[in-house]
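Q: These protein sequence lines are chains V and E, in that order. The first sequence maps to residues 1 to 463 in full-length UniProt numbering. The second sequence maps to residues 1 to 121 in full-length UniProt numbering.
Heads up, a few of these hints could be off.
Unchecked claim - Straight-line distance between alpha carbons at most 35 angstroms, and here's what the computed DSBU-like set of lysine-lysine pairs gives:
1. V:Lys132 to V:Lys60
2. V:Lys131 to E:Lys21
3. V:Lys117 to V:Lys60
4. V:Lys400 to V:Lys349
5. E:Lys21 to E:Lys35
6. V:Lys60 to E:Lys21
These are computed hints drawn from the structure, not numbers from a lab.
Chain residues, written in single-letter form:
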Amino acid sequence: MPPSTEAAARVGILTPSGMLGAGFAPETIDYGLALGPDVIAIDGGSTDSGPHYLGAGVAKTTASAVSRDLRLLLRAAATADIPLIVGSCGTSGTDSGVDWVAGIADQIMAEEGLDLKIARIYSEQDAGFLKKELDAGRVHPLAPHGPLAPETLDSCTHIVGMMGHEPFVEAIQAGAQVILAGRATDTALAAAVPLMLGMPAGPTWHAAKIVECGGQCTTDPRAGGVFATIDHNGFVIEPLDPANACTPISVAAHMLYETANPYRMREPAGTLDVSDATYAPLDERRVRVEGSRFEPAEQHTIKLEGARVTGYETLSFSGIRDPYIVANIDRWAALLRNIVTERINQTLKLTDDDYGLDIRLYGHNAILQDIDPDPSTAREVGVMLLVNAPSQATATAIAKVANPLMLHLPLPEMHYLPSFAFATSPAETERGPAYEFVLNHVVDVESATGMFRTHYSREVSRA
Amino acid sequence: MPEHPTPAPQLSDYAIEIRSKNAGPFWVTMETFMKDSAGYAIAADDSFLNEQVIADLYRVDATQVQIFRIPALNAVKISFPRPVTQASLRDRDIHAGQHHVPLACLRVPHHPLTDEAQPVS
C-alpha cells in the first residue's frame, strides 16, 4: 500500500547512488533497508555531459547497467513496500527516456514476477504552448541569458521542463509504487515523500540536495549511496557502506558541488537557504544538520531545457612527434589553417561562413589554449581537426580535403616532406548532428503539475 | 638553502584540492579547499584573489565573477558564466573539469611555504 499520509515523526530516504546505472554493491541496499526507509530515490540524468543527450533523446548510460541497478531497486521496493522514484530518466528526461526506462522495468518485473503499479511522468514540452506563454509574458531568462526569441523554441529538437516534487506526490497519492519521471530537479525525487508525510521544507530540501549525488557527500564517494533521516528539527545523514563515513566537512562541502551559489538553491516552489545550517557529528560516520530554511516563492516557476542542432561534425586526428615541428607547433598550426581554408575554397567552393573548423593541439595547449599557465614545450602533439558543417557530407568532404595536409604538411624552411602519425584508418570519423543548449529560462505557472503528464500502468491500485 | 631564488609557491601548494566543474550548462564553478586556516587566509585575501584576478586569468568579465569565502570549510568558491558554449565547436572541456589549472598555478607572493601552512597529515 502507499505510505500513510498521517503525520510522521521521521522519514527515511535511501539513495543507492548518484545515478541509475552507475552501480552499487547489493549489500549497501540491504543495509539501507534495515534502516527503515520510506522511499528509495535515485537520479537518472544530468545536463553535465552536454546537449547531445537531450538533443538526440538518447541516454548516456547503457541499458545493461540501468537494468542491473533497476532490478535490485525494484526488488528492494517490493520487499520493503515503499515507493521507488527515478528522476530524469534516460539522462535528459525526454519522453523517449522515460519510455526506455519503463521498458526495462517492465521486462525486469516480468522476469522477477513483480507486480508494481508504475507511474510514468512525462516532462517534454510543446514549442507552440511555450510560444503562447512567451507571448503572455510568462517566460523569463535566467542569468547569463537574455530574452527568448520564439524561433529559438521552434529550433529545438527536444524541450523539457524540470518538475518539482508535486507531480511525484500526486502520483504516490494515486497509488504509484514506482515512478519513472522525465526531467526533474535532482532534489525533487528525494523531497517528495518527506514533504508528503509532513516533514518541514528546510531540512527536507537540504537533505534532498545532500543525497542527490549518492556517496559524493561521504569521505569515500566510491563506496555507494547514503541514507538521510529527516525529522521536525533537521536531518541525519550516513553512508550505506558501514566502512564509509560522513563528516561535517564532507557533508557541508557537498553544497558546493556543481552549484554556482553554495548557500541558496532555487526549486520550482521556492528557495533553499543553508546560510545558517549547522553540521554536527553524531558519531564517526553520521552527521546531524539543523538550521536549514526554505523560502516559498511568490511565483511558482518551471525551468526549461532545450537543445538544437548546430550542424554535423566530422573529426580527424593525427599525431606529430618530429622535434622540429613540435618546437614550432603554433607556426605549423597557423600554416595548416591557412592552407586548409584556401584548399576548401578552391575545391569545395566554400567560404569561412559556410562551415566551422577547429584545430586543437593536444599535448600543447588544446584544453586551455591561451589561458594555459604553462607554455613549456611538448614532446608529442596530437592534432585534432573538428569540422562543423550544415550537412554530414560537407563536413566529411572538408576533413578529406584537410587529410593530405595533416599527413604531410612541412614548414616552409623544411626541405623534405614529413609524414605524420594517423592512429586510425579511415582518418575521418563522422560524429553525426552536433547540438547546443539554447534555453536557460523559466515559465511562471499557476499549477505545479500542469506542464507534466502522468500515465499509470494500471488504473486501480492493489486491493 | 638553495643558491637560486625559488619561484613563489602556487596556490595549489596550500590546498587539499582545487577543482572545477560545470554548474549547469551555462556556468563554471571552481573550489579551492585549503589545507588549514593559514592557507584559507591566503585564498580568502581579497588583495590576492579577487574578481579582477579571476577575470584576467580566465578572460571573462569581472562584473560576472562571483566569489564565496567559506571559513567553516577553509574553502573559497568562484563562479562565472561559461566563456564558451558547452559542447560547441570551440568548447574543449565539456564538463569544465580542467579549468581549475590556471587558478591552481597562481603564484602566491610573500607567503613562503612554512610549517604552519603545511598539511596537518
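Q: None of the hints should be skipped; say for each whether it holds.
A: Do the hints match the structure? See the list:
| no. | hint | result |
| --- | --- | --- |
| 1 | V:Lys132 to V:Lys60 | holds (32 angstroms) |
| 2 | V:Lys131 to E:Lys21 | holds (33 angstroms) |
| 3 | V:Lys117 to V:Lys60 | holds (27 angstroms) |
| 4 | V:Lys400 to V:Lys349 | holds (14 angstroms) |
| 5 | E:Lys21 to E:Lys35 | holds (21 angstroms) |
| 6 | V:Lys60 to E:Lys21 | holds (18 angstroms) |
Violated hints: none; the structure is consistent with every hint.
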